[in-house]
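Visitor: Below, each chain spelled out in residue letters.
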Amino acid sequence: MRAAIIVFPGSNRDADVARALAQSGAEVIKVWHADTALPAGTDLAVLPGGFSYGDYLRCGAIAGRAAAMDAVRAHAARGGLVLGICNGFQILCESGLLPGVLMRNVDRRFICHRQLLRVERADTRFTSAYAKDQVIDVCVAHGEGNYFADPETIARLEGDGRVAFRYSDAAGNLTVDANRNGSLNSIAGIYSENLNVLGLMPHPENFVEDLVGGTDGRGLFTSLAA
Amino acid sequence: MKARIIVTLKTGVLDPQGKAIEAALTSFGLSGIDSVRQGKVFDVEVAGEDRTAAETTLKSACEKLLANTVVENYVIEIA
Chain V
0 MRAAIIVFPG SNRDADVARA LAQSGAEVIK VWHADTALPA GTDLAVLPGG FSYGDYLRCG
60 AIAGRAAAMD AVRAHAARGG LVLGICNGFQ ILCESGLLPG VLMRNVDRRF ICHRQLLRVE
120 RADTRFTSAY AKDQVIDVCV AHGEGNYFAD PETIARLEGD GRVAFRYSDA AGNLTVDANR
180 NGSLNSIAGI YSENLNVLGL MPHPENFVED LVGGTDGRGL FTSLAA
Chain G
0 MKARIIVTLK TGVLDPQGKA IEAALTSFGL SGIDSVRQGK VFDVEVAGED RTAAETTLKS
60 ACEKLLANTV VENYVIEIA
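In order, the protein sequence lines correspond to chains V and G. Residues in the first sequence are numbered from 0 upward in steps of one, following numbering that gives the first Met the number 0. Residues in the second sequence are numbered from 0 upward in steps of one, following numbering that gives the first Met the number 0.
Every clue listed holds true.
Footprint (simulated), chain G over chain V, 3 or more residues, beta carbon under 8 angstroms:
1. 53–65
2. 98–106
3. 144–156
Distance windows between CB atoms, simulated:
4. V/V211 / G/G28: 46 to 52 angstroms
5. V/E192 / G/K1: 40 to 46 angstroms
6. V/G95 / G/A78: 28 to 34 angstroms
7. G/I20 / V/C111: 23 to 29 angstroms
8. G/A52 / V/R124: 43 to 49 angstroms
9. V/V105 / G/G31: 23 to 29 angstroms
10. V/G78 / G/D33: 47 to 53 angstroms
11. V/D122 / G/L24: 48 to 54 angstroms
12. V/C111 / G/G11: 27 to 33 angstroms
13. V/G40 / G/L24: 55 to 61 angstroms
14. G/D49 / V/G40: 44 to 50 angstroms
15. G/A52 / V/A21: 49 to 55 angstroms
16. G/G11 / V/W31: 36 to 42 angstroms
These are calculated hints, taken from the structure and not from any lab test. Here a beta-carbon is modelled for each residue, glycine too, at the ideal position from N, C-alpha and C.
Just chain V, with the same shape it has in the complex (with noise of 0.2 angstroms):
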């Protein structure tokens, strides 16, 4: 597994997310914003978390337009893996990888705690270590993560099975207070078309070490890994 991490300015978590894949076996390399190509052989290309441009105009408005993003959509349109995480599945949305946009939370605050997420389906490159219906236990940090579609997108995203996690409780049960940012279905985390597009609110990376409070992050990075 080669993965390509796309650093904007402003992404801040572009050395956590590397320090997973590598746990997991993945080789890691590092691609500026302004690169018009990924390295050749990447099979996974990651947008990391973080503020790119400051959340200027819009979060992800301004890096879902950088050159780099071009050679992103090339490799998801021939089937490559695109994995973005907060700030980066923003950038998705805004780039037009993944339907939506990601606004304002419902009640104005930044949140950052840990946070119960369901596990969708556990049939596809991002989740196979997890079991479907599985509740993880990761980590938010965003002021942006409220889930937004127009009711078509939402009920595609619902019946082609394209939603990936879910904010829940410990028994995986949507409630209100497990949807801290008021997203649509409690929408966390959702697949492209062709399911080789993830972008998730979320921050697995955070959990991949007993050391820091846990490791239910790690099943997405060995998935990709495997």
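Starting from the structure of chain V, add chain G where the hints point.
Guide: Frame of chain V, contents of chain G only:
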């Protein structure tokens, strides 16, 4: 040529910031405000005097970057 682009949230899209501003105005004791929606204004200087060309350029700017048409509408005003 001077132009102004106004970007607003579409009807029905939740606007937590607008709600907060509305609540703040109400808390000042200001009466007569029913609701507030927040938007963005871009003042743009366009080269040349061709209004049609300017409109095409600005429309492209809105579609490509200035507005996210999933949730936002835009209006272009050329002075």
